[in-house]
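Whole structure, please, built from the sequences with the hints as guidance.
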Amino acid sequence: MINLSTGAFYERGTRQIGVLRSRAETLQNQIGTGERLERSSDDPVAAARLRMLERSERLTEIDSRNSDMAQADLELADQTLRSVADIVIRVRELAVRASAATMKDDQRAAIGSEIDGLRSNLLLLANSRNVSGHALFGGQATGAAYVDAAPGATYIGTPSADALEIGDGQTVLPGVAGPELFEFDTSTGPTDLFNVFGNLADTLRAGDPAGGAFVQDSLSLLDSGLEKITTAQTVVGSRLNWIDLMAERRADMGERVANEQANVGGADIAVTIARLQETLTVLEASQSSFVRLSNLSLFSILR
Amino acid sequence: MASDLLSIAVSGARAARGALDVTAQNIANASSEGYVRRSLRISEVAASGGAGRVGDISLSGARIVEIRRNADSFAQAEVRRTGSDLARASTELAGLRNVESGIEQSGLYSSIVEFEASLQQLAGDPTDPSRRAQVLAEATTLANKFNITAASLDAVGAGLQFEAQAATADINLVAGELSRINLRLSRAGAGSSDRAALLDQRDQMLERLSTHAAISASFAADGGVAVSIGANPPRSLVSGGAAGTFTTTIIGDGTLQFDVDGQPTEVSGGALGGAQAALREASTIRSRLDALAAGIAGTVNGVQANGAALDGNAGQHIFSGSTAADLTVIMRDGAGIATAPATAGAGSRDPRNLVDLRAALNTFAPAAGLSSLLFDVSSKVAGRTLTQSALATIASSARVTLEQQSGVDLDAEAANLIRFQQAFQASGRAMQTASDIFDTLLGIGR
Chain H
1 MINLSTGAFY
11 ERGTRQIGVL
21 RSRAETLQNQ
31 IGTGERLERS
41 SDDPVAAARL
51 RMLERSERLT
61 EIDSRNSDMA
71 QADLELADQT
81 LRSVADIVIR
91 VRELAVRASA
101 ATMKDDQRAA
111 IGSEIDGLRS
121 NLLLLANSRN
131 VSGHALFGGQ
141 ATGAAYVDAA
151 PGATYIGTPS
161 ADALEIGDGQ
171 TVLPGVAGPE
181 LFEFDTSTGP
191 TDLFNVFGNL
201 ADTLRAGDPA
211 GGAFVQDSLS
221 LLDSGLEKIT
231 TAQTVVGSRL
241 NWIDLMAERR
251 ADMGERVANE
261 QANVGGADIA
271 VTIARLQETL
281 TVLEASQSSF
291 VRLSNLSLFS
301 ILR
Chain P
1 MASDLLSIAV
11 SGARAARGAL
21 DVTAQNIANA
31 SSEGYVRRSL
41 RISEVAASGG
51 AGRVGDISLS
61 GARIVEIRRN
71 ADSFAQAEVR
81 RTGSDLARAS
91 TELAGLRNVE
101 SGIEQSGLYS
111 SIVEFEASLQ
121 QLAGDPTDPS
131 RRAQVLAEAT
141 TLANKFNITA
151 ASLDAVGAGL
161 QFEAQAATAD
171 INLVAGELSR
181 INLRLSRAGA
191 GSSDRAALLD
201 QRDQMLERLS
211 THAAISASFA
221 ADGGVAVSIG
231 ANPPRSLVSG
241 GAAGTFTTTI
251 IGDGTLQFDV
261 DGQPTEVSGG
271 ALGGAQAALR
281 EASTIRSRLD
291 ALAAGIAGTV
301 NGVQANGAAL
311 DGNAGQHIFS
321 GSTAADLTVI
331 MRDGAGIATA
341 PATAGAGSRD
351 PRNLVDLRAA
361 LNTFAPAAGL
371 SSLLFDVSSK
381 VAGRTLTQSA
391 LATIASSARV
401 TLEQQSGVDL
411 DAEAANLIRF
421 QQAFQASGRA
431 MQTASDIFDT
441 LLGIGR
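The listed protein sequences correspond, in order, to chains H and P.
Per the working numbering, the very first residue in the first sequence carries number 1; after that it's consecutive.
Per the working numbering, the very first residue in the second sequence carries number 1; after that it's consecutive.
Calculated directly from the structure, the hints in this document are not laboratory data.
None of the values given here were measured: they were computed from a predicted structure.
Heads up, some of the hints might be wrong.
Said to hold, decoys possible - If you anchor each label on the Cβ, the simulated ranges turn out as follows:
| no. | chain 1 | residue 1 | chain 2 | residue 2 | range |
| --- | --- | --- | --- | --- | --- |
| 1 | H | 252 | P | 372 | 23 to 33 angstroms |
| 2 | P | 251 | H | 133 | 52 to 62 angstroms |
| 3 | H | 286 | P | 236 | 19 to 29 angstroms |
| 4 | H | 282 | P | 43 | 45 to 55 angstroms |
| 5 | H | 292 | P | 186 | 40 to 50 angstroms |
| 6 | H | 110 | P | 133 | 47 to 57 angstroms |
| 7 | P | 133 | H | 106 | 51 to 61 angstroms |
Backbone N, C-alpha and C define an ideal beta-carbon position, used for all residues, glycine too.
Okay, structure coming up:
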């Protein structure tokens with residue numbers, strides 16, 4: 001004879017209802033948080049993947065912060081280069097005017113003084129600071145890039161700027177070093193715009209003793225200088241493009257990461273709700289059948 | 001000996017009363033833990049006729065022979081074995097889950113990522129004092145998180161050790177109880193209700209013992225039990241009226257050592273076996289965490305020493321300590337972070353040493369290291385969860401089997417109640433008949 005023990009019946013009933021309840025609670029929790037994983041052990045592989053995604057998301061945030069900074073620096077450099085180009089063009093105009101034979105010496109001297117003033121302006125521009133307060137054209141220097149050494153100026157920065165990481169192992173140079181802008185080669189060796197300006201100013205203030213030949217030479221030097229500046233503008237422009245491109249790429253990556261996070265760790269609300277409903281239905285059914293069965297005692301019939 | 005209708009009826013009524021008592025006892029104990037359904041064995045009392053009186057009717061009614069305990073020792077052994085397995089798996093799982101929570105909820109992983117991120121941010125402008133300060137702040141958080149994680153692993157270990165000590169005390173209590181039960185069983189009469197109650201107690205004690213540790217029990221004819229505990233080699237805990245002393249000692253790495261009367265043994269199943277397994281796992285994880293902390297400190301300090309701080313001096317150590325528990329940040333000023341190579345002067349923006357530091361950290365990969373540690377723990381927890389739920393099902397069905405076989409079925413008891421009530425009434429009617437016969441005999445003379 002099979003003995004249907006009362007204790008066993010209650011133990012089975014409570015166990016089944018307990019299992020259903022805990023399943024319903026897990027599903028409810030998933031709906032509440034929108035996360036499929038409450039702790040790593042719910043799905044170790046997915047949790048490990050989520051951790052890697054979380055890390056790359058965080059590091060990408062820093063990448064975009066660094067990239068924003070590089071962009072600000074380069075935009076500042078771009079503006080400054082435009083002003084530098086304006087100054088060079090203005091000096092060239094003045095030099096052309098000074099080379100006219102009708103010019104008197106005192107007029108030339110006045111032009112020379114103006115050019116000297118423009119040289120100071122150029123020095124100020126060359127020493128302009130980036131967003132974090134360092135020399136924009138000083139490479140890795142912390143203070144100024146150039147010191148005045150009339151007629152020229154001496155570069156005290158480092159030969160190049162530091163490359164900045166902007167994600168995916170890609171880097172960008174957030175600045176242009178002074179020598180790349182202001183120095184250029186001539187037939188007689190390297191010189192820079194400060195020297196050209198300074199010498200021109202000195203010569204004109206002295207009344208142009210060489211009779212126009214020096215000014216003519218200076219004009220071609222100014223052209224080379226302007227060319228160098230224009231080249232630098234192009235380089236800065238292309239770096240800005242590169243940063244834009246990488247920013248887009250990061251945005252795409254971010255979207256992919258978010259997508260994958262949702263796929264790996266997110267709870268599908270529709271499916272989860274349906275499963276919860278199913279579980280609750282089964283739970284209700286087993287609760288009511290449990291109550292009915294437990295009422296089915298012979299004692300309740302015996303009178 | 002001749003038959004006596006009245007005494008036959010009385011013996012029947014007595015047997016039916018006994019059966020009713022047993023039924024009532026069964027109903028009363030329907031939900032008592034460890035109670036095994038009793039039933040009465042009633043047998044006929046009759047004598048064979050003596051020499052020359054073969055034809056006599058010689059009936060003396062019925063008597064209660066035995067109060068039977070409907071226990072199946074195989075089912076009970078199964079309950080003990082599966083219960084022991086379940087207790088081991090549950091304790092181990094609880095320990096591992098706590099270890100997992102300890103590492104995961106301390107936020108150690110995200111603080112490692114934040115530390116890496118702060119170094120990456122510093123690369124944007126190596127001389128920026130606020131970025132330098134942030135690196136130190138994140139380093140401090142990282143060290144604190146390591147300390148917190150180590151402390152929570154210690155707490156998990158302490159909890160498991162405490163449980164093990166409590167289980168040890170209970171094992172000794174139960175062993176003493178079992179030896180006393182053995183002595184009383186040797187004196188209890190066979191088939192008595194006293195004996196049945198003692199056997200219930202014995203089985204309950206064995207079951208309680210088996211949730212603490214895997215045991216093996218062998219039974220003597222009088223119901224007395226000899227218990228041995230552990231493996232490699234098993235040690236005798238209870239033998240007759242003598243009980244051994246079980247001791248648990250916490251050894252150096254936080255794991256447990258078990259002895260019976262000073263003789264070492266290994267405990268495999270039960271809560272103690274689970275605690276041992278979890279403690280061994282926690283100890284391994286602890287040493288991996290220590291290696292991670294030491295690795296981060298060593299990598300950062302090593303590269304620091306190759307570079308120059310903001311003031312141009314050689315870089316000093318950022319971290320001190322070589323375990324997760326004692327990792328601290330000793331650098332106070334962010335200016336001390338050696339971002340520039342040793343040859344660079346004061347205030348240099350040259351980030352080469354910072355690049356080296358980040359490359360060295362990338363090679364050591366603390367985030368990946370911790371992630372794989374977490375993965376190992378969590379996949380163990382996931383695996384153990386499956387095992388535990390399987391063992392829970394097995395243990396539960398073993399218990400249900402035992403309950404079905406030895407538990408009380410109220411419906412059956414209700415039927416018995418009616419059956420024995422009727423038997424009692426029938427015996428009463430037999431007495432009535434005997435009385436009527438007697439009256440008839442008395443009336444003959446009138």
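Non-conforming hints, listed in increasing numerical order: Failing hint: just 3.
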